[in-house]
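Q: Listed below are the residues making up each chain.
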Amino acid sequence: MSWPEKTPPSAGEKRSIGAGVFRRCEGCGETVTADDLAANFEVCPRCGHHHKLAAKGWRALLCDEGALEAWDEHLVPDDPLRFSDGRTYKERVAAAQKKTGAREGIEIGKASLGGRPIGYGAFVFAFMGGSMGSVVGEKITRLFERAAEEELPVVLLSASGGARMQEGILSLMQMAKSVAALERFRQRRLPFLSVLLHPTTGGVAASFAFLGDVNIAEPKALIGFAGPRVIETTIRQTLPPGFQRAEFLLEHGMIDAIVPRLEMKQTIGLLLDHLQDARAARTPR
Amino acid sequence: MFVLPFEKPIADLVEKVRALRALAASDRRFEPELQRLEEKTSRLAREIFADLTPIQKVQLSRHANRPYTLDYVKRLFTGWVELKGDRRFADDQAIVAGLATYHGRSVVVVGQQKGRGTKENVKRNFGMPHPEGYRKAIRMYELADKFGLPVLTFIDTPGAYPGIGAEERGQSEAIGAALAAMARARVPIVATIIGEGGSGGALALGVANRVIMLEFGCYSVITPEGCAAILWNDGARADEAAAQLKITAPELLQLGVVDLVVEEPTGGAHQDHDEAARMLDQTLWQTLTSLDGLSGDELVDDRYRRFRALGSFLA
Chain Y
1 MSWPEKTPPS
11 AGEKRSIGAG
21 VFRRCEGCGE
31 TVTADDLAAN
41 FEVCPRCGHH
51 HKLAAKGWRA
61 LLCDEGALEA
71 WDEHLVPDDP
81 LRFSDGRTYK
91 ERVAAAQKKT
101 GAREGIEIGK
111 ASLGGRPIGY
121 GAFVFAFMGG
131 SMGSVVGEKI
141 TRLFERAAEE
151 ELPVVLLSAS
161 GGARMQEGIL
171 SLMQMAKSVA
181 ALERFRQRRL
191 PFLSVLLHPT
201 TGGVAASFAF
211 LGDVNIAEPK
221 ALIGFAGPRV
231 IETTIRQTLP
241 PGFQRAEFLL
251 EHGMIDAIVP
261 RLEMKQTIGL
271 LLDHLQDARA
281 ARTPR
Chain W
286 MFVLPFEKPI
296 ADLVEKVRAL
306 RALAASDRRF
316 EPELQRLEEK
326 TSRLAREIFA
336 DLTPIQKVQL
346 SRHANRPYTL
356 DYVKRLFTGW
366 VELKGDRRFA
376 DDQAIVAGLA
386 TYHGRSVVVV
396 GQQKGRGTKE
406 NVKRNFGMPH
416 PEGYRKAIRM
426 YELADKFGLP
436 VLTFIDTPGA
446 YPGIGAEERG
456 QSEAIGAALA
466 AMARARVPIV
476 ATIIGEGGSG
486 GALALGVANR
496 VIMLEFGCYS
506 VITPEGCAAI
516 LWNDGARADE
526 AAAQLKITAP
536 ELLQLGVVDL
546 VVEEPTGGAH
556 QDHDEAARML
566 DQTLWQTLTS
576 LDGLSGDELV
586 DDRYRRFRAL
596 GSFLA
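For the protein sequence lines, the chains are Y and W, in the order given. In this text, residue positions in the first sequence follow this note's numbering: the first is 1, and each later residue adds one. In this text, residue positions in the second sequence follow this note's numbering: the first is 286, and each later residue adds one.
Hints listed in this document are in silico derivations from the structure and should not be mistaken for laboratory results. Note that the coordinates shown come from a computational prediction; the quantities given were computed from them, not determined experimentally. Keep in mind that a hint or two might mislead.
[As the list claims (entries may be wrong)] Where chain W lies over chain Y, by a calculated footprint (3+ residues, C-beta under 8 Å):
| hint | segment |
| --- | --- |
| 1 | 69 to 78 |
| 2 | 163 to 177 |
[Unchecked claim] Take a look, some chain Y residues computed to stay more than 10 Å from chain W by CB distance:
| hint | residue |
| --- | --- |
| 3 | Arg24 |
| 4 | Gly48 |
| 5 | Gly57 |
| 6 | Ala94 |
| 7 | Lys110 |
| 8 | Pro117 |
| 9 | Arg146 |
| 10 | Arg184 |
| 11 | Ala257 |
[Stated by the list, open to error] Restraint-style ranges between C-beta atoms, simulated for each label pair:
| hint | chain 1 | residue 1 | chain 2 | residue 2 | range |
| --- | --- | --- | --- | --- | --- |
| 12 | Y | Glu69 | W | Val366 | 52 to 62 Å |
| 13 | Y | Glu26 | W | Ser580 | 51 to 61 Å |
| 14 | Y | Asp273 | W | Thr574 | 42 to 52 Å |
| 15 | W | Arg328 | Y | Thr238 | 24 to 34 Å |
| 16 | W | Ala375 | Y | Asp273 | 37 to 47 Å |
| 17 | Y | Asp273 | W | Asp519 | 52 to 62 Å |
| 18 | Y | Thr238 | W | Leu545 | 44 to 54 Å |
| 19 | Y | Cys47 | W | Val366 | 54 to 64 Å |
| 20 | Y | His274 | W | Arg563 | 54 to 64 Å |
| 21 | Y | Asp35 | W | Leu538 | 54 to 64 Å |
| 22 | Y | Thr233 | W | Ala349 | 30 to 40 Å |
The beta-carbon is built from N, C-alpha and C at its ideal position, and this holds for glycine as well.
Work out the full structure: start from the sequences and follow the hints.
A: Structure (structure tokens):
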């Protein structure tokens, strides 16, 4: 479950010294120039620590020329429950839109990855913790539906605290909806590569994110069903170090590989080539 | 018997009705009085329960005497054979599953099971399944699909268990895979929310062609306590959260998340398990037979359309 105010601002926004020229690495604590970090897609050039990369950065990293033919950008949240916790849901959405420049917590569309056409989706974690409400669920559903129609493989990057509380039960229903769409997509025997970023928990983890033909995670990404705080409260124990990190999931057989960010494009390309080799062989190249 | 403060007047009257009914069984002179008392009880229950707040309904849905899955299994079905285990790790007793006969038809049954009393609750983990429970459910959905048997699920869980072992064994993957298995099953699926419908842990039994809900059940993306803790850092404000989240049967019917609401006996299902099962039986059977004649593909499409339509956004 996500909550925007408990979400730390993305690495790009904090710990700037002076006019944002220098940043302190969250891994090694060394001071790095903001330009160096940005040029390296938020991976520390000294220690390799992966800071959060915004959706725009992922587009630049994975999509050829950073170009995405965006689908269904016009979808925006409604307020079906008239939800308010002191501040209305509408106000929170407006604040998130202003902060991120995005209309909602995911971008989807068609892109090219090393010359291969793909259906592409990436969560905008800065938008209310990447939480999945009706729009996010609808866009993921449309991504699978349209990719099936256009015979595109799907590469989907998840980074989400889970279902969006402010849309209540309708957020929960997005889990069923998106997975049902994925099932239909799967019948076309097109690849689904699920990339789990930091953090991926709750309703997103417990729906499509672990159902990739291949599941890939970034180093040290926090991935799990329940958040660590919920588990600690339930079992009244301190959690072991490394619990729910990508390395823990790899050890327990839940993901196929941990791939460093700077190798991500190459690895995804290779996987797509392998999985589509038989399909390619049927049609003249 | 456990009694919630707001149901005390009703519980007392129901108790008197019971005593009088026993008397009337041997002496018919008590029958007019019994009838009067029954009417009074039902009138009072209607009055009190008409004004219940959402959090009071949540308390009813969690009532310690509420009928659980196996209480319904005993009353609705014959020929029950319980099937255990996920064939991978263990048998999770927070989910019961098996084959049964329902009005002459063989069906696959899957439901979360809470325990009565501390000892059984520990065994049932308070109805909070681990991944092995969901993997047992998946096995059942696939068994049903293979042999063309309808699936009846009974939802009653605070949620999937948040613990170390559950995470190690892939709680997320297990739930996601259960959603997928339900989505593709080429057989009729009818889900009934008999008590608590706690988030993804409930939904893993809920991707059905039709979803029935008992009058005093609830179904939510997060517990009101959890929601209040996140919103206000104060779990005690669960009443406000329960009202915001819209988790009661009439609200969910309006949102299209459930298709049918089944009334409960006077004072709630926990006052009369037999009557609660009888009242559910009518709707459940009608709902199941309403899906007769649909082919496997049509059933999958029907389920797809049902969930495809859920969500509210502006374009």
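Q: Any hints this thing doesn't respect? Which numbers, in order?
A: Of the numbered hints given earlier, those the structure breaks are 10, 15 and 22, listed in rising order.
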